[in-house]
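Visitor: Protein chains in written order, with full-length UniProt numbering: chain A, 1 to 408; chain B, 1 to 251.
Derived by calculation from the structure, the hints in this document are not laboratory data.
Bear in mind that the values here come from a model prediction, so they are computed numbers and not experimental data.
Ideal Cβ placement from N, Cα and C applies to all residues, glycine included.
Among these hints, one or two may not hold up.
Beta-carbon label-pair distances, calculated as ranges [what the hints assert, rightly or not]:
(1) Pro249/A <-> Ala182/B: 41 to 47 Å
(2) Met135/A <-> Ile54/B: 52 to 58 Å
(3) Gln139/B <-> Phe29/A: 53 to 59 Å
(4) Ser66/B <-> Leu139/A: 45 to 51 Å
(5) Met135/A <-> Gly20/B: 30 to 36 Å
(6) Ser66/B <-> Asn381/A: 29 to 35 Å
(7) Asn381/A <-> Ala182/B: 52 to 58 Å
(8) Ser66/B <-> Met135/A: 40 to 46 Å
(9) Leu139/A <-> Asp21/B: 55 to 61 Å
(10) Glu130/B <-> Leu189/A: 30 to 36 Å
Mimicking DSBU-like on lysine-lysine, the simulated pairs with C-alpha atoms at most 30 Å apart in a straight line are [as the list claims (entries may be wrong)]:
(11) Lys241/B <-> Lys123/B
(12) Lys154/B <-> Lys234/A
(13) Lys320/A <-> Lys351/A
(14) Lys123/B <-> Lys7/A
(15) Lys52/B <-> Lys234/A
If you want the footprint, here are the derived chain A segments under chain B, 3+ residues with CB under 8 Å [said to hold, decoys possible]:
(16) 189 to 198
(17) 218 to 228
(18) 231 to 242
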Amino acid sequence: MLGLNKKDTSLLIVVAILALAAPFLLNPFPTNSAMAQFNAGYPDLMQRFVIFGIFAIGFNILFGLTGYLSFGHAAFLGVGSYAAVWMFKLLSYNVVPAIALSVVVAGIFSVLIGYVSLRRSGIYFSILTLAFAQMSFALAYSVLSNPKFNLTNGETGLQVYADDPQILHRDGLPDVPHLFGWAMRDNFLELKLGGWEFTFNNGYYLCALIMLVVFYLSIRLFRSPFGLMLRAVKSNQNRLNYTGLNPKPYTLAAFIISGMYAGLAGGLLAAMDPLAGAERMQWTASGEVVLMTILGGAGTLIGPVLGAGFIKYFENIFSKINDNVLHQWFAFMPDGMEDFMVFIVHPFVGKGWHLTLGILFMLVVTFLPGGLVEGGQRLLNVIRNRGRKPADPKDPEHHPKETPHVAE
Amino acid sequence: MGILEVKGVNKRFGGLQALGDVNLSVAENTVHAIIGPNGAGKSTLLNCLVGKLIPDTGSVMFDGQSVLGRTPYEINQMGISRVFQTPEIFGDLTVFENMVIPAFAKRDGSFRMHAFESVLNEKEICERAEQLLEEVNMQDKIGMHSASLSRGDKRRLEMAMCLLQEPRLLLLDEPTAGMARADTNNTIDLLKEIKEQRDITICIIEHDMHVVFSLADRITVLAQGTPLVEDAPENIRGNPKVREAYLGEAA
Numbered sequence: 001m002l003g004l005n006k007k008d009t010s011l012l013i014v015v016a017i018l019a020l021a022a023p024f025l026l027n028p029f030p031t032n033s034a035m036a037q038f039n040a041g042y043p044d045l046m047q048r049f050v051i052f053g054i055f056a057i058g059f060n061i062l063f064g065l066t067g068y069l070s071f072g073h074a075a076f077l078g079v080g081s082y083a084a085v086w087m088f089k090l091l092s093y094n095v096v097p098a099i100a101l102s103v104v105v106a107g108i109f110s111v112l113i114g115y116v117s118l119r120r121s122g123i124y125f126s127i128l129t130l131a132f133a134q135m136s137f138a139l140a141y142s143v144l145s146n147p148k149f150n151l152t153n154g155e156t157g158l159q160v161y162a163d164d165p166q167i168l169h170r171d172g173l174p175d176v177p178h179l180f181g182w183a184m185r186d187n188f189l190e191l192k193l194g195g196w197e198f199t200f201n202n203g204y205y206l207c208a209l210i211m212l213v214v215f216y217l218s219i220r221l222f223r224s225p226f227g228l229m230l231r232a233v234k235s236n237q238n239r240l241n242y243t244g245l246n247p248k249p250y251t252l253a254a255f256i257i258s259g260m261y262a263g264l265a266g267g268l269l270a271a272m273d274p275l276a277g278a279e280r281m282q283w284t285a286s287g288e289v290v291l292m293t294i295l296g297g298a299g300t301l302i303g304p305v306l307g308a309g310f311i312k313y314f315e316n317i318f319s320k321i322n323d324n325v326l327h328q329w330f331a332f333m334p335d336g337m338e339d340f341m342v343f344i345v346h347p348f349v350g351k352g353w354h355l356t357l358g359i360l361f362m363l364v365v366t367f368l369p370g371g372l373v374e375g376g377q378r379l380l381n382v383i384r385n386r387g388r389k390p391a392d393p394k395d396p397e398h399h400p401k402e403t404p405h406v407a408e
Numbered sequence: 001m002g003i004l005e006v007k008g009v010n011k012r013f014g015g016l017q018a019l020g021d022v023n024l025s026v027a028e029n030t031v032h033a034i035i036g037p038n039g040a041g042k043s044t045l046l047n048c049l050v051g052k053l054i055p056d057t058g059s060v061m062f063d064g065q066s067v068l069g070r071t072p073y074e075i076n077q078m079g080i081s082r083v084f085q086t087p088e089i090f091g092d093l094t095v096f097e098n099m100v101i102p103a104f105a106k107r108d109g110s111f112r113m114h115a116f117e118s119v120l121n122e123k124e125i126c127e128r129a130e131q132l133l134e135e136v137n138m139q140d141k142i143g144m145h146s147a148s149l150s151r152g153d154k155r156r157l158e159m160a161m162c163l164l165q166e167p168r169l170l171l172l173d174e175p176t177a178g179m180a181r182a183d184t185n186n187t188i189d190l191l192k193e194i195k196e197q198r199d200i201t202i203c204i205i206e207h208d209m210h211v212v213f214s215l216a217d218r219i220t221v222l223a224q225g226t227p228l229v230e231d232a233p234e235n236i237r238g239n240p241k242v243r244e245a246y247l248g249e250a251a
């Protein structure tokens, strides 16, 4: 279907079902239950899941396929957001021109940064991209925000004011980002079933549909000759050169594509909440997408989306658990014991959620170098092999020779 | 006029004269071997032919065109393929994927942005890859990870990748170095087949005299960066200058 083989089609269908049914799947607990704080099915967080999913899918095209580790991808995210907000300010609150421009501007930006950074590889490439991203951050934070020329509105962040031109704005259109009158922050359906509440948000479904489209494009890219060349770049550039292929345009194209994915994600962030701040470009944001991709499984199709969801879930859910919640959890214990347990758990939740994330990241990288995807595969293998006789131990390094080629 | 004409090539590395006034003419559809003791400049010469090094002076013409100043991928697109001393293959990819890449390079040139077609839908290219694998007797390893191949198979794979591009000149840098006797004989047989079945010129650098004398039509002996003799194999064997270069004055 759609030019994909059977396995990829089923993957796409599974992702589509997960994305479209997310308001149900992410709200497994009744609203008034003690577990409700683990629900993630509210619009704001669901939007983040898919937007950062897009960001990570794009990053994976560069890092997963070519092996070039960019530490500056947040710059493209930020540039995309600024471009989108400028469209809101100048044209109208319609998200279509905003998202289109954010992709284009991020693309142009990544041509410039990519052309310079890709002159080096390995750690030098990473440092160059990091330097560019920090320069962009500094520009956005202070340099490009002075009374004479205010492009980014500095610390406050770029936002839409009442006296902005908005030349295409007409009466009757909502005064918030909208898709031809369909406001992004509105919910088109709020469902109450027993103790459960499910919200279906316009913005989330726009993001989810775009995510499915770009996910489909990335599957096509992975299976294409172009994707194969990118993997060849990672594997052996020397051989690639002596096979008559020029690695440079391939890596640059991958860099630009992933920059455009990041710009799209930035544009969508602004479309959900029309505000662009410089902190979106900071190196921590660049590092986050690296974590997402590695945690999920670099070079795999679904890994980056899983990683993005995983990290965003922790960021939003674990950070909300404070001492009061902890005391409730351990209330069944004797007093001294309760305080002790709260004391132990406290550093790992609330503001300390990074600590939990760090430990999980170390565990995943140590025991599952292929990320969450590898974990899933191992689990599947265990389930499949249960009941069968144990398979021959396979050692890829010492593969038994099928035919003794020596005696030919 | 040979297909490859090297004229007056000099290359210095600091105080070391690696190549001194090298002249070499390789005739079309022959096997030309370059032999010489360690440090004779064989590899430096080869690197000058493929664009990895640029000679200080002199000219290198392939089929009437200069290769100097061109990058390795441009030279490859002109029709020169190279096999390395230690097999250079795409270790992370399968044998099949390894074979498909040169096929695309041959058809599409050094860069093409074909991000929406599927590799497996390119029937001609896939068939070509499979056919070449059959020719080198590796069809049963088509789905294997190429890093897990034996050394001899890696060499075959690399050779097949080069042949797929139908190069006019194939450069082999010690293709049997570090190989067992049986593997070496296999490689000789493979090269003989290639020589008989295709319109191809082969230029081979080799230490193993057994390989050289069973393949070469013409041999150039290099010593201390300069060609000592160039002659047919039967005349090289007894040449006193060659013995001296290899074994020293005492011989």
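Visitor: Is it true that the C-beta distance of Met135/A to Gly20/B lies inside 30 to 36 Å, as the hint says?
Guide: Distance hint for Met135/A, Gly20/B is violated at roughly 50 Å.
Visitor: Need the status of pair Lys320/A, Lys351/A: alpha-carbon distance at most 30 Å?
Guide: holds, 8 Å
Visitor: Regarding the pair Lys241/B and Lys123/B, is the alpha-carbon distance no greater than 30 Å?
Guide: Violated, at roughly 55 Å.
Visitor: Has the hinted range 45 to 51 Å been met by the Cβ atoms of Ser66/B and Leu139/A?
Guide: 46 Å Cβ-Cβ, so the 45 to 51 Å window holds.
Visitor: In this structure, is the beta-carbon distance linking Asn381/A and Ala182/B contained in 52 to 58 Å?
Guide: violated, 38 Å
Visitor: Hey, Lys52/B versus Lys234/A, does the alpha-carbon distance stay inside 30 Å?
Guide: holds, 20 Å
Visitor: Holds or violated: the 30 to 36 Å window for the beta-carbon distance between Glu130/B and Leu189/A?
Guide: violated, 53 Å
Visitor: With a Cβ-Cβ cutoff of 8 Å, does the segment 231 to 242 of chain A contain at least three residues near chain B?
Guide: Since three or more residues must qualify, the claim that chain B covers the segment 231 to 242 of chain A holds, with 10 doing so at under 8 Å.
Visitor: Just to be careful, I want the Cα atoms of Lys154/B and Lys234/A compared with a cutoff of 30 Å; is the pair within it?
Guide: holds, 18 Å
Visitor: Taking 8 Å as the Cβ threshold, is the statement that the segment 218 to 228 of chain A is covered by chain B upheld or broken by the three-residue rule?
Guide: holds (count 8)
Visitor: Does the Cβ distance between Ser66/B and Asn381/A fall inside 29 to 35 Å?
Guide: The hint (29 to 35 Å, Cβ to Cβ) is violated, given that Ser66/B and Asn381/A are roughly 57 Å apart.
Visitor: Look at the Cβ atoms of Pro249/A and Ala182/B and judge whether their distance stays inside 41 to 47 Å.
Guide: Cβ of Pro249/A to Cβ of Ala182/B: about 43 Å, so the range 41 to 47 Å holds.
In terms of the numbered hints stated before, the structure departs from hints 2, 5, 6, 7, 10, 11 and 16, listed from lowest to highest.
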